[in-house]
Structures are given as structure tokens and as C-alpha cells.
Amino acid sequence: MLKAKHRVGLVFFPAYDWAISPSHPEREERLLYTQDQILEEGLFDIDGIVELKPDLAGLADIQRVHFCVPDVWSVATESHFISAGGARTIGRAVMEKEIEKGFALVRPPGHHAMRVVHGSRGFCNINIEAVMIEHLRRAYGLNRVAVVDTDCHHGDGTQDIYWHDPDTLFISLHQDGRTLYPGSGFPGELGGPNAYARTLNIPLPPHTGEEGFLHIIRHVVKPILEEFQPDLIVNSAGQDNHYTDPITHMNFSAQGYAELTSLLNADIAVLEGGYAIEAALPYVNLGIVLAMAGLDYSHVREPDYSPERVRQEPSVTEAVKKTGDLVLGAWRDRGRLRERLLADRGCHRRSRRIYYDTDGINESQEEVVQLCEECGGALKIESNSDRGAHVLAVHIPAKACRSCRETGYRWYDEARVKRFDRIFLQDRPQDKYTVKQKD
Amino acid sequence: MIIGLDVGGTHTDVVLLDHTGIRREIKVPTLHADLFSSVLTGIDAVTDGIDIAAVKRIVLSTTLTTNAVIQGQVPEVGMVVCAGPGIDPVLFRTNRHYVRVRGAVDHRGREIEAVDPQELRAAAAQFQSAGIRHIGVVGKFSVRNPRHELQIHELLRSDFEKVFLGHRISGSLNFARRIATTYLNAAVFPIHRKFFEAVTRALAAKGMVLPLRLLKADGGNMRLESSLEFPAQTILSGPAASVMGAVAMAAGPGDALVMDIGGTTTDMAVLVGSAPLLDPLGIAIGAHRTLIRSLETLSIGIGGDSTVRIANGRVTVGPDRSGPAIVYGGSLPTPTDALAVLGEIESDRRSAAAAGLQPLAETLGVGVADLAAKVMETACRAMVAAAADLVAHINGKPVYTVHELLEGYRVQPRTLLVLGGPAPYFARHLEKLGTHQVRVVPRWQVANAIGAALARTTCEVAFFADTQQRTAGAPGEGFSQPIPADFSLDAAQTQALELLRAKALERGANPDYLEMEVVDSQVFNMVRGFNTAGKNMRVRVQVKPGLIHGYDELLAALAAGAAQGA
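Residue numbers (the numbering used here), protein chains in the order written: chain S, 1 to 439; chain A, 1001 to 1566.
Bear in mind the hints are in silico, worked out from the structure with no lab data behind them.
Being a predicted model, the structure only gives us computed values, none of them experimental.
Among these hints, one or two may not hold up.
With a cut-off of at most 27 Å between alpha-carbon atoms, the simulated DSSO-like pairs for lysine-lysine come out as follows [to be verified]:
| no. | chain 1 | residue 1 | chain 2 | residue 2 |
| --- | --- | --- | --- | --- |
| 1 | A | K1544 | S | K53 |
| 2 | A | K1397 | S | K53 |
| 3 | S | K399 | S | K97 |
Short, incomplete list of chain A residues facing chain S, as computed with Cβ under 7 Å [claimed, not checked]:
| no. | residue |
| --- | --- |
| 4 | D1106 |
| 5 | T1401 |
| 6 | F1530 |
Each residue gets a CB set at the ideal place from its N, CA and C atoms; glycine is no exception.
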């Protein structure tokens, strides 16, 4: 009988009765052929690969991460609770050492969901990785976490949630934002002043293939992870870099994904996008699971695969290397750059407009973060949507220093319900979520 | 009248029953080296002096194929396997003559690579030179499109006595299990055929000319003729016989746990109402995991003859058996000896049992009666804990829809139905734990044979339709047909049920009382680009395990007998 080198847990939740809309890419059919392939391969019969039943995420799990406007139930369905719960199930099993590694093969995905949620962006409402990570931090005292997002789209939601968190390293590899939704994720986006260079973006040119992806993993991501020394590595495992994906333009393959998985050696993978549901997903998912288990994946190839077909152009190779060097440079220089940013005392502000493509909502945000050498800093977000919602959200980080805690409370206490529909307080040190509103 | 016969590890149990009651029940010793004589002796004994012509039905559950597989006493067969992308099928090797050949289809049944006749002929020549007469042919995704298996069959059929095809074995996806199951069918085929032909001849010589029925691991039966296509389905039918006995005589509304307590092990299963739960994939036997449909069971190494020891200051029971209980001439103490010490089993060797338990009692510094009670409590606690694990395992099975996850049925058995040799003695101690309502199955010593006698014919059909490719089929039934673009899920269900009906009748079911059910029925819109390109449907239908029609009076009498006994 086949025996896995590493004990791997899988939550497989295809949500066969849930879709954004009948012909939307995020629909019932999405994981059907993946299921067929993994059942036919007998993956769950392999000694050391176990299937775990997802449990539901709780309201507190979601409120630990998000400010949902007006409330959680207005922006999340049962399916989101299961999807986030599935990631949490994997996370708990890894922390409890029931499994060495885990893969949450769940839908809907989550990496475009930001801290404030008015609706669905890029098919995402709830950031399932963040829900999992923050749950594990609360339940197990987990500290340093690295999230490596290998979805073809920039993981702007995860970036937003961890923008000010010095304990979370977020690295996103994605197709260049000038050519693909959501249009962000440039190397200059390096995180807030309190968590400078804890966000790293590696945009790749269209048609990047195995060589480019694996170069970045080997020569950029791995050395940075080695230096950061995370307690947990999470891979946001989108599969839309595949050469047959209908909504992107990359040249990646099942072999490439399996190799990437093996190199990255993440503790947890969470499925994100990937919409070549017949030609890619069955093979990519199989390759990822076999690679996590330390089993031979050399026969996992798409029926029409040939290395020549997906080989990248020399110009692509050159561009990829250049971007990699740029990001590595910023990482190595981070101490000096951060000092310069923190030289100003007081608060740091940014204003943003956020578009929810799936739900057609426009949001504008005014964000204020307390500059702090000791913690992530108290954070205040004033958010308006063109649906007429107007809220104030205050976040006190889990490891907030005393001063930032006080600042957070002051902001919350001083905010007047007359001015906002709702005023939220995410008090992470006490793991409490409070809402003020007009009677 | 009906004969039910179950070959067990120690005894072969036989009953003769009719509509009003059990006419005879008999136990004969099982001779493992000569199962044929065990079966014949049992039938001779139970029909002695009876008008043979009045026997209208005979159902056998034997350990023939199980033993052959476990002891590795099967002839060599040839396996031809074609795969395609994925795990290397060399890793699923079942036996020495196992050849991987070209040919592949994908998850929707589309051909990726054609088979190569030359390569196949070479494989056949190699098998023939090794004297192989039976082969198995298995393709990955052959249940989506059996074309390659059929082509290989066509090419090689004349070279071998029998060719077993993977897609006929089960409609379920699982390539490795399909290989193992096809292998087992080919491997036990000659043994199975020879044995039952001999039984048929012997019965005919007695004047019994009626279709022999064989019990399967799923608690249903099939006619001998059908079993020749799927002989491996008779593997591990023994536990199913006992469960069907509990269904026949003790099942009530609500969920229940069946515990068949033997000398060495206790086998457990779960009933929902009067239907036993099935394992979604299939049995495991030796190193083989299969697609042989079976009841969901759990076996633990605790029984009447389990060895009792003290380890780290605590009483342990099992999982091994060192021989018979002291009261039956053994040398190491067992729960049976504890029962004798407690005076719950009559024995003139009670003092020997007490002497056997005495050193253990001294180690713990308690009296021998207290130790005996502790032994029974320990054994029963372990049984109940294992039962809880089985229930947790069943309820912990992943589901793939939001609805099932939130609203899915959770099994919660409150009743224990106990049977097997020491059932009533254990029942008393199980009851003391206070975790379940405990009932001893009437006629607990031959309930397995009664279960075999009254089990109905079962089968299942897997059907799929793909309106984009305009094709529908049930490869397991050798059925496929073109369909129109507007083929509906209703039509798919209707067709699946028709196929099931035909299959059940062929296997020996009663056409007037055929209880068919749809187990699974799913339809997916296939969207390509931003348009619906077709529908993908998967339907599963079955005749689930249960009892044959017309024996309510008998069952009522048996249940009433139990009430009197209590």
C-alpha cells in the first residue's frame, strides 16, 4: 500500500449547492472534476492522507478579522462559514499535530476580502486564510506567520488585513496588475510603517512559466522565509496560473504547481482561484496533494502537456529575474527604510477607493494608524459605500502596546453615533467585538 | 421452507424455517480444511426426515473465498492495467503477473491515448506461458468510458477461460480499488465455481433442485449464476449474516448498534430503522482495499475467550485469544471464566476459573469476585467505546453540500442489539454501564443463519449522463446510449431504476416486492465560456439490504418469544 512521507489532512468541500450565479466561474461545478480525479486516484486510501470534515467557523472567528457592513450575515452565506471553517479545521489539525500538513480544498475563496467588507470582491467575501490564522493565534498562541499567495491575482484582501501587522509576512506572486484584476500588487507596496516590508509583491509578466515561478520561489521567497523564521507557512494556493485558465494569461502547469508546493514546503495550503475546472484543477490539485505528502508526482500531467508548449520567452525570464532582485533588495534594505518612515511621530494616514467588482459597490476609506515601534498600532478606518453605508471601524491589534490600546479606546469612545450608521471596535487583546449604533 | 446456513470460525449454523416458526436449528463444527463437508453435513442434519421438496429457498454464507484470500491460496491470474495521468499504477500492483499497457481516458471518459493491440498480445502470450487462465482488465476512469476495457476483452477473450472487466465490478470511482477488486474476482473464481458446483450437485443428488443463493458482504444475496461474474462479493459475508439476523428479529424504530460477540472478536454495525448502514466504498481484506459493497462494520479483539491480563495495575482484555477459556480446558483466564466465577455461567470447572483469576486478583489486591466483575466491566467499556468510535466515524464522514453539512442526519443509537454465543451474559454487564438500552437478539446463537435465510436480493446501479457529449450510460450494466441535449434528471432516474429492476430480477429478487431507492441524484450545469454547454448527471440507485416479504408472522413469533424469555 502507498504510504505518505508526511501525514497530510485534506478538507474537501466543493459546495455542490452553492454558486455566485448559475454561469459564474465560482459555481457548483467548479470542483466536480477534481473530486472525480481524487476519488479515482484513491487519494484517501493512501496511508497518511486523511480527509477531515469541515466544521463551521463561528461569528467570533469572522469578527476577529473583518468589519462586516452592516453585519456578518449581510455579507456572508452559510457556504462562507463552511469554507472559512474548513480552513480552520485544517489549521487546528496541524496545530494539534494530528497532521503534519493540510490542504483546505474549499470554496468559495477569500483572498480578495479586505478588513472592511461591504460585499463580494473578486468572488470573495470572507478572507478564509485570515480567519484561520487569527483563530490559531487566539487558540494556540501562534505568533509569526508567513502567507505566500500563489494565486494569479494579487491577494489584495490578505495584503490589506496584514498591512500593519509586523508578525505576518505576506508575499504575493501574481500576474502584473497592469494586465489583470485587481490591478494592484506592485513592488512598491511594502506594508504600513509599523510593518514595513512585511508585505512583498512580486508581479510577474503574462506568460510566465515553470522557470519563472520556480526561480522566484527558490531565489526570492525561500531566502526571505528562512530569514523571517515563521512559525507557520500558509500557501494561498490559487490555481489560475495554469496555461489553460480562461481568465488569466500565464503558462504554469500541474508539474510546476507540484514542484512549487514541494519547494515552498508550506504547512497549510488553502485553495483560492482557478477556473480551468476540467483541464487544470484535477491535475493541479492532485499534484499539490502528492507533493505535500512527499509522494511521486512525476506522472501527474495534463493530457495535452508538454514542457515546450509552456516554456517562457527569454524576455519573460529577464523581467522575472529583475523583479525578484528588486523585491529582495527592498527586503534586505527594510531596516533603513522603516526607520525613515517611523521618524515622523504620530499618525500615518491613507485614503483609498475600493471597488467590489462582483457586487458592483464603490467604497472610499480614510485610514489612520498610530505610528508605533512596539506593536502594529491602533487603526481607525472611516468607510463610505455608494450604497449609502457610513461606518467607523477601530482595530486594536492583539499584541497592542498600552498606548495603542488607549488610543483605540479613545477613538471608539469619542466617535458619535449621530455621525455613523455603525461604529465598530475590534478589541483583539480582549478578543471582543463591539458595535455602537443609533437606537 | 427456507434453509439458512452460515459457516463461522468455529461452528456452522443452520436453520430451517417456514412462515410460522423455526423448525430446526443446528450447529455442526466447521472443518476449515473441508468446508464442503461442513456445508453438506449441516444441510443433511437440518433436512433429516424432512420432505426435501418443501424447501423452496436456500441461502449460504461461507468463508470459502475469505479464507482463500487470507491464506493466499488462490491461483495466479494475469492483470492488465491501463492508466493515464496520475499516480503510477505500478504502485497498485496486486500480484506477480501485472502488466501496465498503453491506453488512457480522462475524468470525463474522453480518450487520451489509444490501446496498442501488439503490446496486449505480447502480454497475453506471457500470461499463457505462465499457465494463466483467468485475467482481469482494468482502466483508469473505465466507469466513465469502458471502451478500452472492452477492446482489450475483444482482443484477448479467446486466449483465456474468463476475463474480468473492471467497469463491471462497481460503478464507483477508485482505480486502485477497482484493480484490487477485479484481481480478487479473477483469483477466487475457479475455487468459487468448483465449490458451488459441487454443492449444487450434492444437493441435486438429495433431490434439492433449486437456485442456490449466496450471501454477500452487504447483507443481501444473489443467485449462484450471478455470483460467477462477481465471486468476490461473497467475501466477508459472515458479519453481514449476523447483522441481518438482528434486523430480522430485533430491529425497531430508531437507530441501533448491533454487536455480534464471538470468542475472539466482537463485530459491530449500525442500523438506522431496520436498514444496516453500508460502507460507502467497500471491504478491506488482507492488504486489499476493494469496491466490494459491504456493511459498515467495526471489529475489535474482545470476545468471550479474549485473554485477561493485568498491565500497569489495570485489567486488560484482549485483543488476543490464547485458546479456550479455563472452564473449557484452556490455561489463561478469559471473560468467560470471569462469568463462571460470578456464577453467571454454569460450570463444574468454576473453581479452576477462580484459581486462574486468583493471581490477577492478588496483584490488584482485590477479591476474585471483584476482579471478575472488573473484567466484565473492562470488556464492556471497551466495546461501548469502540461503538462510539464507529458512530463518530459515520457521523464524521465528509459531505459535499451546504445542505447536508448543516441538515445532515446524525446517527444516535440508543439501543444495543447483542447476539453471538456469549450474548446474554455480556448483555447484563453492558446494561450495567447505563449507556444504552440493551436487548439480546432472540435465538442469538443462530441469528446469523436466520439472517442469511431471510435476507433479500440486493444490488445497485450507477448511472451517469453528459448532455454535452450526448451520452448516458451505466457501464457496470453494460449499458450506454445516445441522449438528446434536453435529457432530464428525471429521465436519468427512470432509466437507472429500470436497469436496477432488471439487474435485481436477474440476481433473484422477488418482482412483486422490489423496494428500490434513489441513493444519490446530482445534476451540474456545465458552463464553458459564459454559456451552459450541457448538464452532467450522476445517479445512484439501489435495492438496500432488508428482509424478504412474507415472514412477518414468523418474525412476530420470534420477537414474542424473546419477550417471554425476558
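- Please write out, lowest number first, the hints stated earlier that are contradicted by the structure. Per hint list: zero violations.
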